[in-house]
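Go by the hints and put chain B onto chain A.
So the protein sequences, as listed, match chains A and B.
In terms of my numbering, the first sequence opens at residue 1 and continues consecutively.
In terms of my numbering, the second sequence opens at residue 1 and continues consecutively.
These are computed hints drawn from the structure, not numbers from a lab.
Among the hints, a few may not be true.
Far from chain B by the CB rule (all over 10 Å, computed), these chain A residues [unchecked claim]:
#1 N90
#2 N109
#3 A166
#4 G265
Pulled a few chain B residues facing chain A out of the computed Cβ check, cut under 7 Å [unchecked claim]:
#5 R74
#6 V77
#7 W228
#8 V231
Please read all numbers here as calculations on a predicted model, not as lab measurements.
Glycine included, each C-beta is placed from N, C-alpha and C at the ideal position.
Protein chains: 2
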Amino acid sequence: MAPTAIHKVTLEPKLTKTSKADNTNDETGQSIRLAARSGTFTNQTSGAAPTYVQANLIAIPARYASDFRLLCKRNPVPCPLLAESSDVGNWNALKSQVPGVTGEQIASNVDLRKDFPRYMVYEDGKLVKSQCLQVETEWTEDHVGFLIGCSFSFESALADAGLTPAHMAHGTNVPMYRTSLPLCPAGVFKNATYVVSMRLYRKEDVERVRDITRPYVATHGEPIDWGWDSVSRLGIEDITKPEFGDSPVLPNGSALSQMADSMAGDIVPVFWGCGVTPQEAVRQATLQGTVLGHAPGHMIVLDLRDWDIVPEGSP
Amino acid sequence: MAPTAIHKVTLEPKLTKTSKADNTNDETGQSIRLAARSGTFTNQTSGAAPTYVQANLIAIPARYASDFRLLCKRNPVPCPLLAESSDVGNWNALKSQVPGVTGEQIASNVDLRKDFPRYMVYEDGKLVKSQCLQVETEWTEDHVGFLIGCSFSFESALADAGLTPAHMAHGTNVPMYRTSLPLCPAGVFKNATYVVSMRLYRKEDVERVRDITRPYVATHGEPIDWGWDSVSRLGIEDITKPEFGDSPVLPNGSALSQMADSMAGDIVPVFWGCGVTPQEAVRQATLQGTVLGHAPGHMIVLDLRDWDIVPEGSP
Chain A
1 MAPTAIHKVT LEPKLTKTSK ADNTNDETGQ SIRLAARSGT FTNQTSGAAP
51 TYVQANLIAI PARYASDFRL LCKRNPVPCP LLAESSDVGN WNALKSQVPG
101 VTGEQIASNV DLRKDFPRYM VYEDGKLVKS QCLQVETEWT EDHVGFLIGC
151 SFSFESALAD AGLTPAHMAH GTNVPMYRTS LPLCPAGVFK NATYVVSMRL
201 YRKEDVERVR DITRPYVATH GEPIDWGWDS VSRLGIEDIT KPEFGDSPVL
251 PNGSALSQMA DSMAGDIVPV FWGCGVTPQE AVRQATLQGT VLGHAPGHMI
301 VLDLRDWDIV PEGSP
Chain B
1 MAPTAIHKVT LEPKLTKTSK ADNTNDETGQ SIRLAARSGT FTNQTSGAAP
51 TYVQANLIAI PARYASDFRL LCKRNPVPCP LLAESSDVGN WNALKSQVPG
101 VTGEQIASNV DLRKDFPRYM VYEDGKLVKS QCLQVETEWT EDHVGFLIGC
151 SFSFESALAD AGLTPAHMAH GTNVPMYRTS LPLCPAGVFK NATYVVSMRL
201 YRKEDVERVR DITRPYVATH GEPIDWGWDS VSRLGIEDIT KPEFGDSPVL
251 PNGSALSQMA DSMAGDIVPV FWGCGVTPQE AVRQATLQGT VLGHAPGHMI
301 VLDLRDWDIV PEGSP
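Looking at chain A on its own, in the form it has when it is part of the complex (with noise of 0.2 Å):
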């Protein structure tokens, strides 16, 4: 998969309520979503409305939801459930699974078979389109669309604190990895395994990397593993090649397949939970039917900023 992201990524002043001084380009979540579905915005969204929440989307059967649910709340990092259909087969209004927050505030004006940039197919648990603009046809009376938090939504506090990740800052889509770490099963989704998005980072930076990513509960938290024997660790085959988004980045640019030895020891992979999961877990649980899924690093933006799913007095 090429890079494909064009837009203009810029390092955010420090994070504040002050909304508009935030975002240089004027983007907002509106903007990023009427855009994709117009057709107009086709592309990966990492850096997309800095500060405006992210979410990947997983659309099921209704008799599959509530296991879904179930499989959310036993496994909230890499399923860290937003909201979802306000009723069986809605597609333009939500239910919020934030505390605090209702649906209409996480997006307003909102089409989940449209507003993604990208979208894939699945029937009977197999891929049968993929990188589609939209899944309008596809979306039944019988669809449930849930929205899982994207860990792109803690990338602004990181570039504020000096800690671009290096595919942002080189406008590229975040690696992702299926991994051999399970899940915890729930229902009819067994067998399902861990997807990852990974950044790398100096190995002197990584308590501060976590400790800044730890208060975005809802969209992954801090890393779930990090250093280079978590690569075997979490049973990843070859770092330089993701199963999704694009190949890493070294600070400087290069292919991290490039990286002299000498740098392995000050660079390391840091791993976190990723919004790909609930996915891959309905295609290892090959559910009956047809399943609509993002493009993985083509987020839904939403109305929903940072500062309302972070709490009060965190780093």
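Chain B only, in chain A's frame:
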């Protein structure tokens, strides 16, 4: 560790809200707590006061409390947080973490220092006292006690369905094992791994066992893994030698180690998240200061009933 249980285990009639009828031996949460407090009840608690919810203890210095809460939030299956000290240092009033239930309803007339039949004491991450009857002298004004759900809570429901766990039927403690399955880290709690409890079941009964325990989300819920392959998947070295509790017994009461190979196709191990996990997480984090836990299998029995934590309409 030799079996210590002496109280009679009876198969209870179908779980209903008619209170006394379902507890033929007239034990209540409070009667067990008072007996433990006075030092007259010192046994493991599997089968004690059926339908009264049981809980694990971990009491830690206050500076680690917020990281511990986050550990529970990120790992709700092994660490389902039911309640904590109402204030730092408090051992006789609880703050509830169960929606719709007050601390007073979880347990009134409570003494976290004495109401568990047996305790463990750690200093700077090292076990210094084992199986002691109370921890009055070790508890300080700086301790925060946490109560974690216990899988004994769904054993009544299994018994109701004719699926009495063999250890319960034969009056022994449930076998518990350390595993290599990592928890999601949280602050100081890094490199921690699951502890699991195990019950043997016929392969054909596993889906029913999953269904029955699924609603008990506050007390570990459905199993995390099952089948003979799961033993190596979980990194358990010898299933006949649990690290905590008693050696596993077969339905006929003989040791698992005596099982004929011909039975292995029919009878399989089923593993649940276990509330000893937080105690192991504390040990693995080598927290500084004094940490107090219950002795595995020796739970506090609460005023809360099974139906207070299982949603209406569950199987």
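Test the statement that N109(A) is away from the interface with chain B: the closest C-beta pair must be farther apart than 10 Å.
-> At roughly 31 Å from the nearest Cβ of chain B, N109(A) sits farther out than 10 Å, so the non-interface label holds.
Distance rule for A166(A), whose beta carbon must clear each one in chain B by more than 10 Å = 23 Å, holds
Per the CB criterion, is V231(B) less than 7 Å away from chain A?
-> With a closest approach of 14 Å, the V231(B) hint is violated.
Once the shortest beta carbon distance from R74(B) to chain A is found, is it less than 7 Å?
-> 5 Å, holds
Interface hint outcome for W228(B) [beta carbon to chain A under 7 Å] | 16 Å, violated
Is it correct that the beta-carbon of N90(A) has no partner in chain B closer than or equal to 10 Å?
-> 23 Å, holds
Chain B versus G265(A) - minimum CB to CB distance exceeding 10 Å, so not interface = 20 Å, holds
Hold the hint about V77(B) up to the distance rule: shortest CB distance to chain A must be less than 7 Å.
-> Constraint on V77(B) satisfied, holds at 5 Å.
Checked against the numbered hints above, the structure breaks hints 7, 8 and satisfies the rest.
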